[in-house]
Amino acid sequence: MKIALGPILYYWPKERVEEFYADAARWRVDIFYLGETVCSKRRALRRQDWLAIAGRLRDAGKEVVLSTQALLEANSELLQLEQFCNNGEYPVEANDMAAVQLLAGRVPFIAGPHINCYNGETLALLAGLGASRWVPPVELSAASIGALQGQRPAGMETEVFAYGRLPLAFSARCFTARADNVGKDECEQRCIHDPDGRPLHTQEDQRLFTVNGIQLQSGTPCNLLGELGPMAAMGVDIARISPQAEGTEAVVRAFRARLDERPAPELPPLDYCNGYWHGAPGMAWHGNEPNPG
Amino acid sequence: MTRIPELVCPAGALPALKAAVDNGADAVYIGFRDDTNARNFPGLNFGPDDARKGVEYAHRAGKKVLLAVNTYPQPHNWPIWTAAVDRAAALGLDAVIMADPGLLRYAASRHPDLRLHLSVQASATNHRALEFYHQRFGIRRAVLPRVLSLQQLWHTIAHSPVEIEVFGYGSLCVMVEGRCALSSYITGRSPNGSGVCSPAEAVRWEETPQGRQSRLNGVLIDRYGPGEAAGYPTLCKGRYHTEGRPYYAIEEPTSLNVLDILPELVQHGVAAIKVEGRQRSPAYVASVTRALRTALDTCAADPRRYQVREEWAAALDRLSEGQCHTLGAYHRPWQ
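Protein sequence lines correspond, in order, to chains A and B. Sequential numbering of the first sequence, starting at 1, is according to UniProt numbering. Sequential numbering of the second sequence, starting at 1, is according to UniProt numbering.
In short, the hints are calculated from the structure, not lab data. What you are looking at is a predicted structure, and each value in this text was computed from that prediction instead of being measured. We treat Cβ as the ideally placed atom computed from N, Cα and C, and that holds for glycine. Errors might be hidden in some of the hints.
[Unchecked claim] Label-pair distances were calculated between CB atoms; the ranges are:
no.	chain 1	residue 1	chain 2	residue 2	range
1	A	Asn181	B	Cys324	13 to 21 angstroms
2	B	Asn77	A	Gly55	53 to 61 angstroms
3	A	Asn75	B	Arg115	25 to 33 angstroms
Between the sequences and the hints, there should be enough to build the whole structure, so can you do that?
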């Protein structure tokens, strides 16, 4: 099984992004997804900057995919999407049907986690349009993914979101700006100060969600390290690790060790979730091992 | 001459369908009694007999019936969804509202004469996505998620290959419909998979020394002071905190209401205005339908002199979540 680093879901300064990928080029990661998928107001890196990072990773022998935005509202966002889809060098991860429309029948593409592919007929449709890989929606269980593995078209790879805070929802509203009592038009990209998003707690201080601009994520990171065995057994090709502000290298090491059947180093002692995989509420933790938190 | 948008009203059962038809709806949308539609609530929706009676009643009055089969089937339950589409085709309905691409393909190939509308659950927020569904499945109309500002809406309508239906009144989804897994994260059931959000079986009310509390699968959604009105604990309308004082971190309990911008919606060619609320009572459906019918007719008679009358606004606010209303994403500062 291969390891992929998903797109950075948070807004980091340009230098931090470049340093992150300079480091990550040396990790045992096979596939890199690059680009801004959440908010078009995050412009620290321009298209040329992403392409420069892509070039360096490719020179380091990595597979590179350009990820695209999930919620496309403005015409300027569609034009940006077209430029990414027409890049001519790298495959593209579609996260909206607009991207599928632009890519279909022209170049192979990856159907990302925000394309609602819940059944074999949709998977076959996407394959017919040129999808060579798909990432199931985060709420799909192992049982459903397993059933879909049995129906998957020849040549279709499956990649599962295996580590990181789950992207659960998108809105027109910016919840980071709202937390500071300003509107989205006055946001001044304040999410750049939350490199891991901003925790949202209940009135009993239970960590419920994570605010990431117009996106809400799970409160705790999803961690499927303990499920890599069953995942491999059902023929999943790739485990996706979603970059976090700190400790991503340790996560990559742990996943790689487990895949190599070596003793895995300890992960940071956090509260994790893996409920979706087990067909339970996503926030739940199931398994033989206690939650490290 | 500008076309007046169709008024599309909800019905969770036969009495509500009749109320909608009798009070001026041009079309009524319904769902079957299972998880093939996004309002899969206990005691709600239409069995085969009621669906047939509903279609007869509406058609006698010259009105349409639309059926929502707008959730996402999974491998183990796929045949239930295709059976729903087949039944819909046999019922002589005016259109089926769908979201799942695989199911849309099934319907388009198996029932080529069936009129297809794209559900809001398909999350199509731009004209490229609309082109996709139009070219692949021949959809004739799309319901847009409640995320576009008015400028974005006008642009989308101008470039869309299909008719556009927008939400006009009712409880407000803050998230892009079809892209929200908040409910399954907490309860295991979501609109996409099960046709429910914040399902009733997961709700618990408690009276405590701190006040009345609402929980969803054990998670505290809100805590109410003495005399404070308590609303249904929908996840996105709870009070949470980032650091410090709890606030409506996602959205206040409020309803969308487009009365203020009706002439603009008409002028820019919106084909239909949808009222949310298949879970609401026949009395609710009757009141909302009557208010919007009157407003639309007034607007049609003389769009330039159209003004929201106090009694329409008051009637709608009484029925609103939190007794207040918003323009939602249409109004840029809301975002």
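Hint by hint, here is what the structure shows:
no.	hint	result
1	A:Asn181 / B:Cys324: 13 to 21 angstroms	holds, 19 angstroms
2	B:Asn77 / A:Gly55: 53 to 61 angstroms	violated, 46 angstroms
3	A:Asn75 / B:Arg115: 25 to 33 angstroms	holds, 29 angstroms
Of the numbered hints given earlier, the model fails hint 2 alone.
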